[in-house]
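Protein chains in written order, with my numbering: chain A, 1 to 375; chain L, 376 to 750.
Just to be clear, a hint being listed does not mean it is correct.
[Claimed, not checked] No more than 35 Å apart at the CA atoms, straight line, and that leaves these computed lysine-lysine pairs for DSBU-like:
(1) Lys24(A) <-> Lys219(A)
(2) Lys681(L) <-> Lys399(L)
(3) Lys681(L) <-> Lys219(A)
(4) Lys399(L) <-> Lys306(A)
Since the hints were derived computationally from the structure, they do not count as laboratory data.
For reference, the chains in residue letters:
There are 2 protein chains.
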Amino acid sequence: MRVDHRSLREFTSRCLLAVGVSTKDATVVADVLVAADLRGVDSHGVARLRRYVDGVRDGAIRPDARTTVLAETAATVALDAGNGLGQPASCTAVDMAIAKGVETGVGMATVRRSNHFGIAGYYALRAASRGLFAIVGTNASPQVAPTNGAAPMFGTNPLAVAFPTDADRPFVFDAATSVVPRGRLERLHREGGDMRAGWAVDPNGESTTDIPRVVDGLKARAGYALLPLGGLGESHGGHKGYGLATVVELFCGPLAGARWGRHVYGAEGAGLGHFFLCGQVAALTTVADFQAEANQMFDELRASPKARGQDRVLIAGEREHETEQQRLATGIPLRPAVVTDLARIADQCGVVPLGPMPMSRSGLGAHGENTDEGD
Amino acid sequence: MRVDHRSLREFTSRCLLAVGVSTKDATVVADVLVAADLRGVDSHGVARLRRYVDGVRDGAIRPDARTTVLAETAATVALDAGNGLGQPASCTAVDMAIAKGVETGVGMATVRRSNHFGIAGYYALRAASRGLFAIVGTNASPQVAPTNGAAPMFGTNPLAVAFPTDADRPFVFDAATSVVPRGRLERLHREGGDMRAGWAVDPNGESTTDIPRVVDGLKARAGYALLPLGGLGESHGGHKGYGLATVVELFCGPLAGARWGRHVYGAEGAGLGHFFLCGQVAALTTVADFQAEANQMFDELRASPKARGQDRVLIAGEREHETEQQRLATGIPLRPAVVTDLARIADQCGVVPLGPMPMSRSGLGAHGENTDEGD
């Protein structure tokens with residue numbers, strides 16, 4: 001089914017409202033989830049709504065949590081999300097880091113006792129849309145083995161970096177520090193694709209391409225693990241990916257005062273941590289010079305010689321931006337399993353179910369409820 | 376030949392003094408170079424002295440340059456190295472970022488019109504030794520192809536991150552954003568080892584393991600290129616390594632107001648850029664909590680299940696720390712080619728040549744000049 005992004009945002013927000021989340025927080029969470037769907041990061045979009053709704057209903061996520069300030073300096077702030085939803089706390093955090101960046105040149109915020117915050121790129125782009133560059137990271141449930149290890153010790157620990165290189169199209173890098181995210185394996189498993197050697201290890205720490213076992217083994221925490229960027233061992237730099245994952249874990253765990261490694265998602269809640277670092281371009285150079293040089297760099301990359309069989313050199317975030325432009329115009333395609341799950345959530349929450357986007361009005365911003373066209 | 380680190384530092388410093396570098400700057404450069412040799416990063420140690428001495432003699436590096444402040448806010452400073460040596464400018468920069476970090480919570484410095492600054496980890500560790508965490512990066516001469524590309528567009532753009540996890544043994548991640556650095560290929564070429572598929576591409580952008588061609592092709596800028604971390608294409612995350620390289624280039628080039636990509640090492644000098652971001656642990660959590668949690672994390676990683684055939688899970692920087700302890704005690708092994716080159720530099724500069732470390736006094740800190748033992 002293909003749905004209009006505004007309908008999807010409204011639907012998501014209503015479901016969260018129904019389980020006791022405030023209007024303000026529900027709006028924020030819906031915006032972050034739908035931003036992922038718009039950018040083609042479907043694993044981090046409304047496909048996650050089930051976990052949020054269930055988390056609130058079973059008490060693991062507190063819908064009434066308030067984000068509190070634990071410590072503050074001119075350029076830094078340490079926040080406690082009170083086991084609430086990750087998105088509202090993270091928006092508060094990045095907005096404070098932005099304000100401090102505007103005031104002092106660079107600002108930083110950390111968050112502890114938080115939950116899944118969606119795509120890291122959302123917050124980096126939020127800073128870029130206000131003219132700041134940003135570095136954002138989060139830890140996550142353990143799925144990645146250290147180099148020479150045979151057990152999941154770290155999350156996929158994504159890192160996002162954005163720069164305000166262009167008002168309409170800022171640069172954004174947003175990537176897990178593992179070779180592939182678990183969502184990619186699940187999609188291949190579902191769609192019948194093959195996984196590659198060097199993506200994951202079995203409980204002996206040996207590379208495996210047995211996709212059903214890896215997918216089930218990760219879910220069951222049965223000793224299977226993803227590999228860090230760079231793959232198995234050190235021959236292709238796996239220790240670098242592992243090092244990057246450790247860096248993200250140190251920022252988000254010990255430095256933020258949050259849980260880390262295997263201690264996340266314990267009895268007292270997820271206890272995740274995030275960090276947000278925002279700086280002013282104008283503090284270091286002129287904005288005009290920065291943008292001119294950055295865009296010339298991108299142009300030179302695009303125009304550079306291509307590998308045989310390739311016709312394009314992309315810039316980080318470019319593909320996601322193109323997907324977003326397309327999905328804003330023609331709607332967001334949702335997988336049947338996600339549509340079914342959203343219908344169940346609607347039923348459980350007493351919310352009007354989501355309808356497909358009317359194909360004839362797709363370019364006109366129609367909401368699309370109560371029609372049944374689309375895929 | 377095995378030399379004492381103090382002798383090597385003194386020798387290096389004297390050579391630089393002889394070509395017109397000030398005592399203060401020569402001491403700084405010697406300390407950074409020998410730090411690399413101590414940590415086992417031989418490609419970034421005194422093996423580079425030739426380039427520095429020649430650079431100063433032929434006018435590409437100005438020995439009398441002063442680092443000037445271009446712009447300053449409470450938490451940031453933009454510096455101009457005036458085409459001088461990278462190390463003195465970088466020490467000034469990281470020290471200012473540290474001072475700003477202590478004052479406001481987090482501080483940042485950028486440097487433009489600079490030269491090779493040695494190992495990025497040196498500056499990150501300098502911040503950690505004063506109790507701050509740090510992120511450091513630099514751009515470099517173009518050697519790395521973008522994903523789907525067939526030409527070197529970025530340097531190996533290393534990124535270093537340190538945390539003051541322990542007074543004697545801080546955490547430090549320091550890695551090129553390419554799969555392997557060029558120095559690794561040169562060593563394999565010299566020693567007769569093999570390179571692996573996915574490390575480098577030929578001028579068609581296809582993976583190659585023809586080590587003499589790659590080494591020569593990189594040196595001659597003949598279209599050969601290293602691959603970003605993650606390797607060829609996107610299947611193993613090569614686009615993530617390329618994205619990280621782009622991030623480092625944006626910080627060090629457009630944001631620092633320095634040259635970037637193919638424009639470094641032009642007629643007016645290298646024009647390299649660096650950035651240094653330093654933050655206070657105490658601004659965000661208590662130092663005791665931070666250190667206890669970080670060290671527990673490291674202990675859990677070390678104790679985690681090992682892959683079959685492996686007996687150790689390491690922490691980033693651990694191997695380099697062990698090499699440093701060993702080389703402090705037993706001296707730094709220099710390759711014959713480096714020894715020969717240093718002897719030539721000594722001759723050209725009119726400096727007393729470097730001698731091997733006296734084996735019998737190796738643990739006692741003897742200087743070792745004018746002896747001829749050792750390997």
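query = Checking against the hints above, which ones are violated?
reply = Violated hints (numbers, rising): 2 and 4; every other hint is consistent with the structure.
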